[in-house]
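Student: One letter stands for each residue in the lines below.
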Amino acid sequence: MQINTIWDNFFTKNNSESILDFLKSIDLFSDLKIIEIKRLERTLHKRVYKKGEVVFNEGDAGAALYIIRSGEVDIVINNASSNPIVLTKLSSGMFFGEIALFDEIPRSATVIASKECEIIALSKPDFILFSKKEPSIGMKISMRLGKILSARLIATNKQIEELKSKND
Amino acid sequence: MINFLGLKLFYFAIIATIIVGIVFTIKSLFIPLLIALFIAMVLRPLVIFFESKGFSQIGIITSIFLGFFTLVIFGFTILIPTLSEQIALFSTKVPEITLILENKFELIQHSLETKFPSLEISKLTKDFISTFVDNLDGSKYFSNALSILTFSMLVPFFAFFLLKDMHLIKKTLLSYIPNRYFEISAILFYKIGNSIQLYIRGQIIDASFVGIMTGIGLSIIGFPFALVVGLVAGIGNFIPYFGPILGAIPAILIILVTPEWATGSGIGMVVGVFLFVQVIETLFIYPAAVGNSVNLHPLIVVLALLIGGELAGIVGMIVMIPTVAIIKVTFELLHKYMMAYRIIG
Chain Y
1 MQINTIWDNF
11 FTKNNSESIL
21 DFLKSIDLFS
31 DLKIIEIKRL
41 ERTLHKRVYK
51 KGEVVFNEGD
61 AGAALYIIRS
71 GEVDIVINNA
81 SSNPIVLTKL
91 SSGMFFGEIA
101 LFDEIPRSAT
111 VIASKECEII
121 ALSKPDFILF
131 SKKEPSIGMK
141 ISMRLGKILS
151 ARLIATNKQI
161 EELKSKND
Chain C
1 MINFLGLKLF
11 YFAIIATIIV
21 GIVFTIKSLF
31 IPLLIALFIA
41 MVLRPLVIFF
51 ESKGFSQIGI
61 ITSIFLGFFT
71 LVIFGFTILI
81 PTLSEQIALF
91 STKVPEITLI
101 LENKFELIQH
111 SLETKFPSLE
121 ISKLTKDFIS
131 TFVDNLDGSK
141 YFSNALSILT
151 FSMLVPFFAF
161 FLLKDMHLIK
171 KTLLSYIPNR
181 YFEISAILFY
191 KIGNSIQLYI
201 RGQIIDASFV
211 GIMTGIGLSI
221 IGFPFALVVG
231 LVAGIGNFIP
241 YFGPILGAIP
251 AILIILVTPE
261 WATGSGIGMV
271 VGVFLFVQVI
281 ETLFIYPAAV
291 GNSVNLHPLI
301 VVLALLIGGE
311 LAGIVGMIVM
321 IPTVAIIKVT
331 FELLHKYMMA
341 YRIIG
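If you're matching them up, the sequences are chains Y and C in order. Mapping the first sequence onto the numbering used here, position 26 (from 1) lands on 26, and the numbers just tick up by one. Mapping the second sequence onto the numbering used here, position 236 (from 1) lands on 236, and the numbers just tick up by one.
One thing to keep in mind: the hints can contain errors.
[Claimed, not checked] Each pair of labels, with its calculated beta carbon distance range:
id : chain 1 : residue 1 : chain 2 : residue 2 : range
1  : Y       : S30       : C       : S56       : 23 to 29 Å
2  : Y       : S82       : C       : Q57       : 50 to 56 Å
3  : C       : G193      : Y       : E161      : 43 to 49 Å
4  : Y       : E118      : C       : I58       : 29 to 35 Å
5  : C       : Q57       : Y       : Q159      : 43 to 49 Å
[What the hints assert, rightly or not] With a cut-off of at most 30 Å between alpha-carbon atoms, the simulated BS3-like pairs for lysine-lysine come out as follows:
id : chain 1 : residue 1 : chain 2 : residue 2
6  : C       : K164      : Y       : K24
7  : C       : K164      : Y       : K140
8  : C       : K328      : Y       : K33
9  : Y       : K38       : C       : K164
10 : C       : K191      : C       : K328
11 : Y       : K24       : C       : K53
12 : C       : K170      : C       : K328
13 : Y       : K89       : Y       : K38
14 : Y       : K132      : C       : K93
15 : Y       : K166      : Y       : K46
16 : Y       : K89       : Y       : K133
17 : C       : K336      : Y       : K133
18 : C       : K170      : Y       : K132
19 : C       : K170      : Y       : K133
20 : Y       : K147      : Y       : K166
21 : C       : K191      : Y       : K132
22 : Y       : K50       : C       : K336
23 : Y       : K132      : C       : K164
24 : C       : K170      : Y       : K51
25 : Y       : K147      : C       : K53
26 : Y       : K46       : C       : K170
27 : Y       : K33       : C       : K164
28 : Y       : K24       : Y       : K50
29 : Y       : K140      : C       : K328
30 : C       : K191      : Y       : K46
31 : Y       : K140      : Y       : K33
32 : Y       : K147      : Y       : K46
33 : C       : K191      : C       : K170
34 : Y       : K140      : C       : K53
35 : Y       : K24       : Y       : K166
36 : Y       : K133      : Y       : K115
37 : C       : K93       : Y       : K38
38 : C       : K170      : Y       : K24
39 : Y       : K133      : C       : K191
40 : Y       : K46       : C       : K336
If you're looking for bench data, these hints aren't it; they were derived computationally from the structure. These numbers come from a predicted model, not from an experiment. Cβ coordinates follow ideal geometry from the N, Cα and C atoms, glycine included.
The following block holds chain Y by itself, in its conformation from the complex (with noise of 0.2 Å):
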């Protein structure tokens, strides 16, 4: 696998038909042309984790934002009280970490490869360099996620007013 790493670096064009489109497909990357996305998949890392390899921890520092290529990955809790709780499973074509790019708070939850998976990482350092190389994809990747996470609010604010119209 580190050999296939040189060869992928120095030696081949990386920017396998595969991975472009499947970049494409992913709705943080929809913005973006494919020219774009070539450009931007420069600075992406792949990282293969084995089945119950922790990808980061609760409370650690954060500095990148993954995606799910293959596999399955479990967002855990820890609660003091009880037993690890797993919030969700998220799959191929899911991201997560995404705070990461934008605040340096610890991490909110643990997380943990449920299958062996592939995962490509953009570090905050990295996407902090494509934007003042790149500032108009850097600035549709921003608008992307500011929406993304936005509508992930809504969702979360209706949850909880569901929640509370219950117990009342």
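Assemble the complex: chain Y is given as a structure, and chain C must be docked to it using the hints.
Tutor: Below, chain C alone, put in the same frame as chain Y:
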């Protein structure tokens, strides 16, 4: 059928052999590689700026290097004749300066020997002077390790590729990092690179200010060899604490051999120029350009100078200070982020 893994292993072996070869000749490659890294780090923001304006990376880097070489050639034709004339003239004065210094040393030596006969002062001073002169001789490094021509070709060559493929090198290095340390490594690469970049850029701005202002100031008062003295003052400024003193040595030597400047008013004017430049530099330029990010303890500075001098003479002495500053910044950030990622308690 081609065995793909075998082929890859073969190429991997070639790369490994090249790396081993580089390690064996590391002493001669260390300084050019380090200088190239400094250059690449200083020029990187410029490349990023033009990339954001839509220019291609390779076009920008090529233009920067072509511009730099044009500037060097221009400098050679305009400024260098005056400077080299001054250096040549200054070197004719060296025997005279040496003679005066020897006489002064002999006087001090004689008086010390009469007071402390057991110390063998003459042997000690001879050893000290020979080591000092040996260390100051930059040509020692060039003749032993590489010729100036190879050196001046290697530095831009390394700098060009470091500038062009920095992200590939970083990406490849990160691919070898275990998953647990991926995020901390990514952030450390960025933070360390940024700090070093700011430090080196600041030092270059600071040293250029001191060199140019000293040269101009001394030229205004009509001091001989003003450009040479300014050049040495600028280079000396890379060395904390001792830099201003080292930078003033040529001026002191010139005063010693030039009777018209060895007067109260002459010395006063030269001291005035040096003081003026140092005050402006300390109050305004250094805080703005370098700041307090890298404060090296005087003892560390002395040790770095001795090691640098031992490795590569005067070139090593100058390069070793930023190197130690880089090591210091690296360790500080490493400690900070290892705490943030709870790798250490």
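Student: Could you tell me which of the numbered hints above are not met by this structure, giving the numbers in increasing order?
Tutor: 8, 14, 15, 16, 29, 35, 36, 37
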